[in-house]
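*Asks:* When you get a sec, could you build the whole thing from the sequences and use the hints?
Under our numbering, residues 1230 to 1300 are what the sequence shown spells out, in order.
Honestly, the hints are just simulated from the structure, not real lab data.
Don't take every hint at face value.
[What the hints assert, rightly or not] Per label pair, the in silico range of CB-to-CB distance:
hint: 1; residue 1: W1236; residue 2: P1296; range: 26 to 34 Å
hint: 2; residue 1: G1253; residue 2: R1278; range: 27 to 35 Å
hint: 3; residue 1: S1231; residue 2: P1296; range: 30 to 38 Å
hint: 4; residue 1: Y1248; residue 2: E1271; range: 16 to 24 Å
hint: 5; residue 1: G1253; residue 2: G1276; range: 31 to 39 Å
hint: 6; residue 1: Q1243; residue 2: K1275; range: 14 to 22 Å
hint: 7; residue 1: P1233; residue 2: G1253; range: 29 to 37 Å
hint: 8; residue 1: A1259; residue 2: S1231; range: 26 to 34 Å
hint: 9; residue 1: S1231; residue 2: E1260; range: 26 to 34 Å
hint: 10; residue 1: S1231; residue 2: G1253; range: 26 to 34 Å
hint: 11; residue 1: S1231; residue 2: N1257; range: 18 to 26 Å
hint: 12; residue 1: P1235; residue 2: P1296; range: 28 to 36 Å
hint: 13; residue 1: S1263; residue 2: S1285; range: 16 to 24 Å
hint: 14; residue 1: E1271; residue 2: P1233; range: 17 to 25 Å
Positions of the beta carbon are idealized from the N, C-alpha and C atoms, including for glycine.
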Amino acid sequence: MSEPIPWLIEHSIQIAWNYLERTGELGNAAEASSFLLRTVDEMVLKGERRKLMLASRAIEAYQRHRPVIAA
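*Replies:* Given below as structure tokens:
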């Protein structure tokens, strides 16, 4: 049985957040939070339900997006 969508989103974001925090890539907390939520939410709306895939793709998207923030 799969977990409810809100929990799936929350857990996926938490995994991504923990990774980015541990690697020192997190940056501004408010910006990171908003970005990760938008990214994971979009993927869930497209049908993705694998928690680690959501987290992994959110991390990759944030890492690609981060240089734009720093510039």
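*Asks:* Look at each hint and say if it fits the structure.
*Replies:* Here is how each hint holds up against the structure:
For the pair W1236 and P1296, the supplied restraint of 26 to 34 Å holds, since their beta-carbon distance comes to about 32 Å. Range check, G1253 to R1278: about 30 Å between beta-carbon atoms, so the 27 to 35 Å window is met. At about 35 Å, the CB distance of S1231 to P1296 agrees with the hint of 30 to 38 Å. One distance hint, 16 to 24 Å for the beta-carbon pair Y1248 and E1271, holds here, with the actual separation near 19 Å.
The given range of 31 to 39 Å is respected by G1253 and G1276, whose C-beta atoms sit roughly 33 Å from each other. Distance hint check for Q1243 and K1275: the Cβ-Cβ separation is about 21 Å, which falls inside the suggested range of 14 to 22 Å. A hinted range of 29 to 37 Å for the beta carbons of P1233 and G1253 is consistent with their spacing of about 32 Å. In this structure the supplied range 26 to 34 Å holds for A1259 paired with S1231, their Cβ-Cβ distance being about 30 Å.
A beta carbon spacing of about 30 Å between S1231 and E1260 agrees with the range 26 to 34 Å that was offered as a hint. Remark: the range hint 26 to 34 Å for S1231 to G1253 is upheld by a beta-carbon distance near 33 Å. At roughly 32 Å, the beta carbons of S1231 and N1257 sit outside the given window of 18 to 26 Å. The given range of 28 to 36 Å is respected by P1235 and P1296, whose C-beta atoms sit roughly 31 Å from each other.
Checked against the hint of 16 to 24 Å, the pair S1263 and S1285 passes, with Cβ atoms roughly 19 Å apart. Separated by about 18 Å at the C-beta atoms, E1271 and P1233 satisfy the suggested range of 17 to 25 Å.
In this structure, the one hint that does not hold is number 11.
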